[in-house]
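Trainee: Sequences are here, hints too, so could you generate the full structure?
Taken in order, these protein sequences are the chains called X and E. So for the first sequence, the working numbering puts the first residue at 1; every next one is plus one. So for the second sequence, the working numbering puts the first residue at 113; every next one is plus one.
It is possible that some hints are incorrect.
Unchecked claim - Okay, derived cross-link-like pairs now, DSBU-like style, lysine-lysine, Cα gap no bigger than 35 Å in a straight line:
#1 42(X) <-> 125(E)
#2 58(X) <-> 15(X)
#3 57(X) <-> 71(X)
#4 42(X) <-> 57(X)
#5 125(E) <-> 5(X)
#6 68(X) <-> 57(X)
It should be emphasised that the hints constitute simulated quantities derived from the structure, not laboratory data.
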Amino acid sequence: QQQVKQSPQSLIVQKGGISIINCAYENTAFDYFPWYQQFPGKGPALLIAIRPDVSEKKEGRFTISFNKSAKQFSLHIMDSQPGDSATYFCAASAPGRRALTFGSGTRLQVQP
Amino acid sequence: DAGVTQSPTHLIKTRGQQVTLRCSPKSGHDTVSWYQQALGQGPQFIFQYYEEEERQRGNFPDRFSGHQFPNYSSELNVNALLLGDSALYLCASSPVGPAEAFFGQGTRLTVV
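Mentor: Okay, here's the thing in structure tokens:
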């Protein structure tokens, strides 16, 4: 019940295109859904996060779409750039001290 | 303002040995969590410390233990190292209230 399933495992997008990564969760107690970006040899960096009281959140080129009834959320990267090439992780946490449950990651490659 | 800092950055240990990893949280953060990230996988929650006590624990054996000091810094100890303990160990800190967690660059532990 604690799982967060992420897809696709890898993604290749052309420069300027839209990258879409999807996640699904099981635990209905989850109420905070962040996305992290990780470059090789570095720790994950918080990119954007959403709570289930809104269906969409946009920050610059990054948008989270959230579907509470389907228990799914997705990250959209608009105008993808080669510098966006990294591994992206979705995560979720429940109220309390907020241990994060991570997805398995999506390796994004943006080709110039 | 320094972010989350971890030491050392890399470490090589022999099977059966013990290891201590250290973490200094971001200024103003009182909660520290530890995660294990195996190669090609998402981070897995080990445990979380708040007010110098372990508050939550993931599915890790008792060989994994920790400590939080009055200045909120934290240590992760692993006893009787196994080859399978080789991973990137990540520390994340969080402030009181908000759910955002910020990660350090990690400690790469190799057990030989």
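Trainee: Sort out whether residue 57(X) lies within 35 Å of residue 42(X), counting only the CA atoms.
Mentor: With Cα atoms ~26 Å apart, residue 42(X) and residue 57(X) stay inside 35 Å; holds.
Trainee: Is residue 57(X) within 35 Å of residue 71(X), Cα to Cα?
Mentor: Since the Cα atoms of residue 57(X) and residue 71(X) sit roughly 16 Å apart, the hinted pair holds (cutoff 35 Å).
Trainee: Is the Cα-Cα distance between residue 42(X) and residue 125(E) 35 Å or less?
Mentor: Within the cut-off at roughly 21 Å; holds.
Trainee: Between residue 58(X) and residue 15(X), is the straight-line Cα distance small enough, at 35 Å or below?
Mentor: This hinted pair holds, its Cα atoms lying about 20 Å apart.
Trainee: Measure nothing beyond the straight line between the CA atoms of residue 125(E) and residue 5(X); if it is 35 Å or shorter, mark the hint as holding.
Mentor: holds (33 Å)
Trainee: Under the criterion that the straight-line Cα-Cα distance not exceed 35 Å, is the pair residue 68(X), residue 57(X) satisfied?
Mentor: It holds: about 14 Å lies between the C-alpha atoms, which stays within 35 Å.
Hint violations for this structure: none, all hints satisfied.
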